[in-house]
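*Asks:* Here are the chains, one letter per residue:
Number of protein chains: 2
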Amino acid sequence: MWYLLCTQDTDGVQTSELDGRKRVVIEGVRPEIDAGRFAIKRVTGERVTVEANVFADGHDAVSCRLLYRRAADTEWRSVRMDAAGNDCWRAEFRVGEPGEYLYTVEGWVDRFKTWRGDLAKRVKAGQKVDVDLQIGADLLVEAAERANGRDRETLSDAAAALRDTATGGARVDTALAEELFETVQRWPDLSTATRYERELRVVVDRERARFSTWYELFPRSCSPVPGRHGTLADVKGWLPHIASAGFDVVYLPPIHPIGRAFRKGRNNSPVATADDVGSPWAVGASEGGHLAIDPALGSLEDFESLTEAVRERGMEIALDIAFQCTPDHPWVREHPEWFRKRPDGTIQYAENPPKKYQDIYPIDFETPDWRALWEALKGVFTYWADKNVRIFRVDNPHTKAFPFWEWVIAGVKREYPDAIFLAEAFTRPHVMYRLAKLGFTQSYTYFTWRNTKKEITDYFTELTQTAVREYFRPNLWPNTPDILPEALQIGGWPAFMSRYVLAATLGANCGIYGPAYELMEHAPKEPGSEEYLDSEKYEIRRWNVDSPESLKSFIGRVNRIRHENDALHQDRTLRFHETDNQNLICYSKTSEDGANIIIAIVNLDFAHTQGGWVTVDPEALGLDPVRSFEVHDLLGGGRYLWHGARNYVELEPDSLPAHILRVRRWMKTERDFDYYL
Amino acid sequence: MWYLLCTQDTDGVQTSELDGRKRVVIEGVRPEIDAGRFAIKRVTGERVTVEANVFADGHDAVSCRLLYRRAADTEWRSVRMDAAGNDCWRAEFRVGEPGEYLYTVEGWVDRFKTWRGDLAKRVKAGQKVDVDLQIGADLLVEAAERANGRDRETLSDAAAALRDTATGGARVDTALAEELFETVQRWPDLSTATRYERELRVVVDRERARFSTWYELFPRSCSPVPGRHGTLADVKGWLPHIASAGFDVVYLPPIHPIGRAFRKGRNNSPVATADDVGSPWAVGASEGGHLAIDPALGSLEDFESLTEAVRERGMEIALDIAFQCTPDHPWVREHPEWFRKRPDGTIQYAENPPKKYQDIYPIDFETPDWRALWEALKGVFTYWADKNVRIFRVDNPHTKAFPFWEWVIAGVKREYPDAIFLAEAFTRPHVMYRLAKLGFTQSYTYFTWRNTKKEITDYFTELTQTAVREYFRPNLWPNTPDILPEALQIGGWPAFMSRYVLAATLGANCGIYGPAYELMEHAPKEPGSEEYLDSEKYEIRRWNVDSPESLKSFIGRVNRIRHENDALHQDRTLRFHETDNQNLICYSKTSEDGANIIIAIVNLDFAHTQGGWVTVDPEALGLDPVRSFEVHDLLGGGRYLWHGARNYVELEPDSLPAHILRVRRWMKTERDFDYYL
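One line per chain: the protein sequences are A and B, in this order.
Counting along the first sequence from 1, when you hit position 339 you're at 339 in the working numbering, and nothing is skipped either side.
Position in the second sequence (from 1) plus 677 gives the number in the working numbering.
I should point out that these hints are in silico values taken from the structure, not numbers from a laboratory.
Some hints here could point you the wrong way.
Stated by the list, open to error - Here are a few chain A residues that face chain B, going by a calculated C-beta distance under 10 Å: (1) ASP19; (2) ASN148; (3) ASP151; (4) GLU153; (5) HIS430.
Claimed, not checked - Quick look at which bits of chain A chain B covers, simulated, 3 or more residues with Cβ under 8 Å: (6) 120-133; (7) 164-178; (8) 349-358; (9) 399-413; (10) 538-548.
A virtual CB, placed ideally from N, CA and C, is assigned to each residue, including glycine.
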């Protein structure tokens, strides 16, 4: 047993058989999240660029390759890695259909590459190389034994040629031929190759996981008839409006029966009147729980018909899944063990002492019956997935046990690989990131409260330029039914415009609580509050989205720009550029191939015109730093000729608080003449 | 099986049984090297500060503790972790005797802490708390069941008190009492605790691993009689000199028989004359190999006598282990399979094409007989360890297989936990760091070639302020027999002085190739070369260390300052401070307890006086930023009163190119009066 490497000899746990001849080290494989505990995320067609530090002792040449496969496949595919300096090696692969993929790295001492490099030096120095050619011939014979088909023949022939002393100098040419080298590389000697100790995972989602534009609305407010409770059928009437404004996800708050016990009245009043409709997030009543539809909204058929109508317009329904129960929820009766009991026999309602929320019973994830509970909760997702819902906005996931999320998301995706889960967690950073690691496809962010240039720059640099970007897909909301941020309360329509431009260009995924945003609803419940006055959470509202005051056409224009420019479907290409004015923020995004370049410049001052010099980093944009280039303002319509990196910009908040510039540059093609992109 | 969490369900490898009620997440435990693959390093008595991100879903309070133990023990010891903000928790432990230690983190939802916090809020809000006190009583009964001795009684009594409705308001006081809280904390409910998924290792060495001062010399040059080959016995004559200069490691180049085939002559001439002594690194001759002593140096008894004499002076011998063989080495005959054969039947000598080193046969670590080879090489270490050598300087470890080092160092340390291995690897960064991770106790660094303020600042910030510091212990050498850096060739004695001050204060471990450094040997073999002219590697030299030109007293003074100031025994407290002159570098070190503070300022210009303003960071030094403090130049002897952070300094290279300032500050004690430190 002496040749077992015992890293923990005292308890003998971590012993592993060691082949002392495996000389290659592979370390620092990246991306890798928490030592491979979690998957990175991609969408279909995206690239995974893998880097690793690969090296061996001594001076022998090393070769390595990236191995990858769908998790369901058994055979690895491989791509040769290229040296990128300082013992770093790099390669990439593209992922296909949604599902799970694996990758790892393999490296080996490359005897032929070593021999070939040395031979070239010896020849150059005029040394005798007869014995070296014999060594090379032996290596070629070994390679031929590993090879198939034509390559086998080629290698055998080359070996014979290297042994043929009659041919003299031609032997060296044969030995050093590039083509022979490539042939040998196809049949590496892996007998002492090192395989990286972990296989790393990629969860691949469909395209909409990366690029989506959400519109949230309350079906009960959709009635065209004043005074009537809106229905799912009424939502159909809104679809032309939503679709024409360029949204692709129609997100509905919970559609289930609403509890009656301790129902909240208007403006969150603790006492409801008889005609108060209650909060949709108070899930469950005698009519049913998470699998039922509030009869006031319609039937399951109405829901299925709406889902179909949405799909016909190229959009998709997102349902809100809020795992909490009112005292009226059937589970309270059927599964009292899923809730915590107090010594007085009552069920523990939600509290944030001293505040009490008697209308809500939180689910007890520490219940001994947790397995049945988990199955029931999973059943909620699969029930609606079976009704063709594939996007779930999950309410407050950070107040439910983390292991549950990993289990349920993986489980649902096994059946429905196209399912998308958006985590509505506004909480501490580590908690938000953990939920993303556990499997949430998209995540709400702090964007809602990031207003200054420094706040935005720091936060989005963290989200897009650190390891966070591998697993956390931001979805940016300038408002929600819960949050009317101060900027929108006081900033007037310049604030609504610039905050939407920021959300829509900083984030490939973004959304608004639609009617309130379009109509620039901005009155808080009381000063200092972020709650809406007369919040739609507690009452039916009527929205005149055809009002001439509506921001619809502006939002529609921004959304069209999003759709038409691949750069804005990306998050990881986001780069910030210098401006000499604290109220002007400038950033760019490029498409994966670098062809589409968008530069956004936003005036963060809602009250005053701001001008200043913007210095773009030409290298980040792939631009020639000494040539002029044209930028086309897709929002305002202007065209400007920019000279080099530094240019002057002025934005008047009342007319248009932002530029969204498409760069139209001269580009050198392979055929070596310039053409206009 | 549905409740098994399958992270890789396709191949079923990574399944683990899941308790869905374990709600606490533990991630980002640090220090952690390569996901726990490698140990961090400490010396006896040192602190290990562990941090982790620990959190749970929802609003329940979390508690966590650091677990640690000697690897050989079975029971964990534990220390409660403190919240440090942003879900980060921190605790520390101290390591004892050399050997291996383990640590990990455990966290749990703390129901009593949650309940207590909520109770305080309810009481403050004037709510009725009768039921809450019942809940608390239940929690105390559970805690009593987990407790022993007095605590058990205390907890039972408290539970009864909380149930005693007759006592009224006093119940709340009992419930919230700090002492009761502490008692409950001693008996946590760990039934759903989360244990971090890895146990992390600490390799603990003795003190000299962290703080040592090396003096390298060639025994063959130690003869007091001109013309006679020096011996191990002659080295004894040098010990008073070395010890009085403050060195504690006497490092000898290889002491084995030197090969005769292709022996190199003076100045690395390819042809040796009959009286050429050859290079000690050409190991092996008919007299023996790595276990033998060159008869010209003496016998094993002479060696043992020298080792003893060195030890008597509080110093230690370090032996040079160079795993390479001359054609005359016994292993070449006894184990031809350990060397690579060429097709013409010859053995492959060392090459760096087109350069050839026919006097050296590299060992083939890819030999099928690698197990026997490894045992033989390990036998070299254990042979000399058995002869009371505990410090090994390993020659070119980066040209031997990495797995071998991990195996041999761990194996030798199992028998000799006080063994110290210094890696002589001047190669690429990842390779040097890998060797340190694999177990080398100390490592040569790039210090030898880091001359400018920026070079020094960047490099030592990397070594001491990043994760590197956890496993890589720098040993700084301003010269070696292989390297006479350009600075010493051209900089005169100011260069020798300031480079030694830098080595001795930037690095807790440092060393010199002694006689050549003291006597400021500075002639290169040829212009542009870093080889010494008339290098001692190939010939016997005579050194007059009593010469009045010698730097001995200067070096001795620096070494005494090192010994007397705990701050200079540390590496991780190194901080650089601003200077407004590119030729002045300023940095500080503090002892672990912060009581001893050293500020070093070095003139990097060997030719001109340089002055400038130095701005020390008072916070980094634990100094009051508004008070004056005295600094005492331990090198030059001056005392200065410094006013605040910014002070003027001037250094004349010809007299004294550096200050080593000890800060003497006013310090506030717990008894609240000032005293002079």
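*Asks:* Against this structure, judge whether each hint is valid.
*Replies:* Taking the hints in turn, this is what the structure says about them:
no.	hint	in the structure
1	ASP19	8 Å, holds
2	ASN148	26 Å, violated
3	ASP151	24 Å, violated
4	GLU153	23 Å, violated
5	HIS430	5 Å, holds
6	120-133	holds (count 6)
7	164-178	violated (count 0)
8	349-358	holds (count 4)
9	399-413	holds (count 9)
10	538-548	violated (count 0)
When each numbered hint is compared with the structure, violations occur for hints 2, 3, 4, 7, 10.
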